[in-house]
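The residues making up each chain are set out below.
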Amino acid sequence: MNDGILPRGPLIWAGRLAILAFIFAAWEIVSREKLIDPILIGAPSGVAQFLWEGIFVNGSLIDDLGWTMLGTLLAFVLGSAAGILFGMLFVISPTLEALFNPILTAMNAMPRIALAPLFLIWFGLGLGSKVAVGFSLTFFIVLSSTVAGGRGVNPDHITLARALGASGLQVFRKFVLPSAVPVIFNGLRLGLIYALLGVVGGEIIASEHGLGQALQLLAASFKTNGVFGIIILLALVSVCIMTAMNWLENRLLRWR
Amino acid sequence: MTADGAIVLDRVSVRFAAGVVAVSEVSLRIRAGEFVSIVGPSGCGKTTLLNFAAGLLPRDVGSGTFTVGGRPPVEGNRDIAYMLARDALAPWRTALENAELGAEIRGVPLAERRRRTIDLLDKVGLKGFEHAYPKQLSHGMRQRVALARTFALESPILLMDEPFGALDAQTKLQLEDVLLSLWQRDGRTVLFITHDLSEAVTMSDRVIVMSARPGRIVAEVSINLPRPRSVRALQKDPAFHELYAHVWSKLEEGLGA
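Sequences listed follow chains A and B, in order.
When we follow this note's numbering, the leftmost residue of the first sequence carries the number 1, and every step to the right adds one.
When we follow this note's numbering, the leftmost residue of the second sequence carries the number 1001, and every step to the right adds one.
It is worth saying that the hints were derived from the structure and are not from the lab.
Glycine included, C-beta positions come from ideal geometry on N, C-alpha and C.
Among these hints, one or two may not hold up.
Sample of chain A residues facing chain B (criterion: CB under 8 Å; computed from the structure) [as the list claims (entries may be wrong)]:
1. K34
2. P38
3. L160
4. L164
5. G168
If we take Cβ atoms under 7 Å as the criterion, some of the chain B residues that face chain A in the derived model are [to be verified]:
6. A1054
7. P1091
8. W1092
9. G1102
10. V1108
11. L1110
12. E1130
13. Y1133
Pairwise CB distance ranges (calculated) [to be verified]:
14. A:S93 to B:E1154: 55 to 61 Å
15. B:D1119 to A:L73: 47 to 53 Å
16. A:G15 to B:D1168: 55 to 61 Å
17. B:G1128 to A:T243: 34 to 40 Å
18. B:E1112 to A:M242: 42 to 48 Å
19. B:A1166 to A:S93: 32 to 38 Å
20. A:I19 to B:G1128: 45 to 51 Å
21. A:M107 to B:D1186: 47 to 53 Å
22. B:A1166 to A:G15: 26 to 32 Å
23. A:L89 to B:A1166: 36 to 42 Å
24. B:G1128 to A:G15: 51 to 57 Å
25. B:R1059 to A:L89: 26 to 32 Å
26. A:T243 to B:R1059: 51 to 57 Å
Generate the whole structure from the sequences, applying the supplied hints.
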């Protein structure tokens, strides 16, 4: 969003690359000269080698990435579908919201990662428990943004709709839903990031596959280069997800 | 547009739950095809009367006899097209889609409402902007779309709540002209709320002056200026200024009372 104000162009990109190059160079030197123990910080050359081998040579990272992405996708799709559905029910029926609100607020206030051991008992070491953790985060985010979006309908639109004699369904389809979409989209964007967080968190705790599990193994054996490699990979994945969501949002909400 | 376009109020009062009397004993008879404006200080119940006519008030706050197009006020009355002070455009719809929204909700078939809407957008001076979104339109243009949306309904009665109140003077004069020409074309009944006396005198057959709350009618002034009227020419017409001064004095009496 700030991109509209920030200066752009090849010079900025060159500058950004220069900053990145400087950081990696300094990191490499500090590590080689043992100014800081390489066990703690690894080295960019080692990280690059780890990523190269994991992605292009033995493919183990691709495999783990695939599991993490599959879990994230499932958690996101199920969590947002349920969040939108319940959110819309709450918008339509304030009574329903009044009934469920305290329970949901309490559940949402709970640190969700604490549920991971329970989900492991219920769904096992595989994908199911990871999806459950991601779901438990995404659901509440999308739910609350859907309710906020549904409530945010312009009162003038309601007056107009009433004067026109619009049915309840027409008011919902022609005013409530479209005006909620931008707010819901913000929830979806955040929900996707949290689905990834939940899945990776679940994998770190106990798993058979996934980047979180690989991260945990590498850290346990002090393979710092590998730990940094996976963190960088996860950061790149998140950036790709955000970019894709922004692109989609701009396509769908051209009217904004 | 064969339905009866008359509006009749016989000793109509509106009293809200908190004991606030918004409107007191208003009697008024508006003939089909007549253009009537109501002026008065803010809070005098002008909008309340309009909402009453459109069936938007809660039941049992009003008393007296109120008939719109021959029947009591009812929400969603198809004989009525309501235009609000703010444009109430849907930002996710283009000008064309916004202008046909009313007809769409009232179930006018797509081909027919589209034909009518395109014609109206042309009439209000928005040819070429059919596919623009509201954010791309100026304030005045947005209100033109709202005007098109109102006229795209075949309702014989138009209720307008200060539709040009938020516009700058120039744009206002332009839109008054557009409204007059649309009204002249198909002769619907217009009940027009405004706090702008000049606007009321310019456009109306009759101006109703209301007092401060509780709103009562303190005067009715017939505006016998010839039609068709040119909004711009009227600004320099002595007869116009005489009527304006007359309405103004009545309004002041109402404020003093």
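Here's how the hints hold up against the structure:
For K34 of chain A, the interface hint is violated, the least distance from its beta-carbon to any beta-carbon of chain B being 59 Å, above 8 Å. Below 8 Å, beta-carbon pairs count as interface contacts, and P38 of chain A has none with chain B, the closest being about 55 Å; its hint is therefore violated. The restraint placing L160 of chain A at the interface with chain B holds, with a minimum CB-CB distance near 5 Å, inside the 8 Å limit. Interface hint at L164 of chain A: satisfied, since its Cβ lies 5 Å from the closest Cβ of chain B, which is below the 8 Å cut-off.
The restraint placing G168 of chain A at the interface with chain B is violated, with a minimum CB-CB distance near 12 Å, outside the 8 Å limit. The beta carbon of A1054 of chain B is positioned within 7 Å of a beta carbon in chain A (closest approach about 5 Å), and the interface hint is therefore held. With a least beta-carbon distance of about 6 Å to chain A, the hint placing P1091 of chain B at the interface is held under the 7 Å criterion. About 5 Å separates the beta-carbon of W1092 of chain B from the nearest beta-carbon of chain A, less than 7 Å, and the hint is met.
Given the 7 Å rule on beta carbons, the hint for G1102 of chain B holds: about 5 Å separates it from the nearest Cβ of chain A. Taking 7 Å as the C-beta contact cut-off toward chain A, the hint placing V1108 of chain B at the interface is violated, the least distance being around 11 Å. The interface hint given for L1110 of chain B is violated, since its Cβ lies 15 Å from the closest Cβ of chain A, which is over the 7 Å cut-off. Among the interface hints, the one on E1130 of chain B is violated; its C-beta lies about 14 Å from the nearest C-beta in chain A, farther than the 7 Å criterion.
Given the 7 Å rule on beta carbons, the hint for Y1133 of chain B holds: about 4 Å separates it from the nearest Cβ of chain A. For S93 of chain A and E1154 of chain B, the Cβ-Cβ distance of about 35 Å falls outside the hinted range of 55 to 61 Å, so the restraint is violated. A beta carbon spacing of about 49 Å between D1119 of chain B and L73 of chain A agrees with the range 47 to 53 Å that was offered as a hint. Distance hint for G15 of chain A and D1168 of chain B: a CB-CB separation of about 46 Å, inconsistent with the stated range 55 to 61 Å.
Take G1128 of chain B and T243 of chain A: their Cβ atoms lie about 35 Å apart, and the range 34 to 40 Å holds. At about 45 Å, the beta-carbon gap between E1112 of chain B and M242 of chain A stays in the expected band of 42 to 48 Å. A C-beta distance of roughly 36 Å is found between A1166 of chain B and S93 of chain A, which places it inside the suggested range of 32 to 38 Å. Look at I19 of chain A against G1128 of chain B: about 48 Å separates their beta carbons, and that is inside 45 to 51 Å.
Evaluation of the 47 to 53 Å hint for M107 of chain A and D1186 of chain B yields a failure: the beta carbon distance comes to about 59 Å. Distance hint check for A1166 of chain B and G15 of chain A: the Cβ-Cβ separation is about 46 Å, which falls outside the suggested range of 26 to 32 Å. At about 37 Å, the CB distance of L89 of chain A to A1166 of chain B agrees with the hint of 36 to 42 Å. Judged by the Cβ atoms, the range 51 to 57 Å given for G1128 of chain B and G15 of chain A is violated: they are separated by roughly 43 Å.
One distance hint, 26 to 32 Å for the beta-carbon pair R1059 of chain B and L89 of chain A, holds here, with the actual separation near 28 Å. For the pair T243 of chain A and R1059 of chain B, the beta carbons lie near 54 Å from each other, so the given range of 51 to 57 Å is met.
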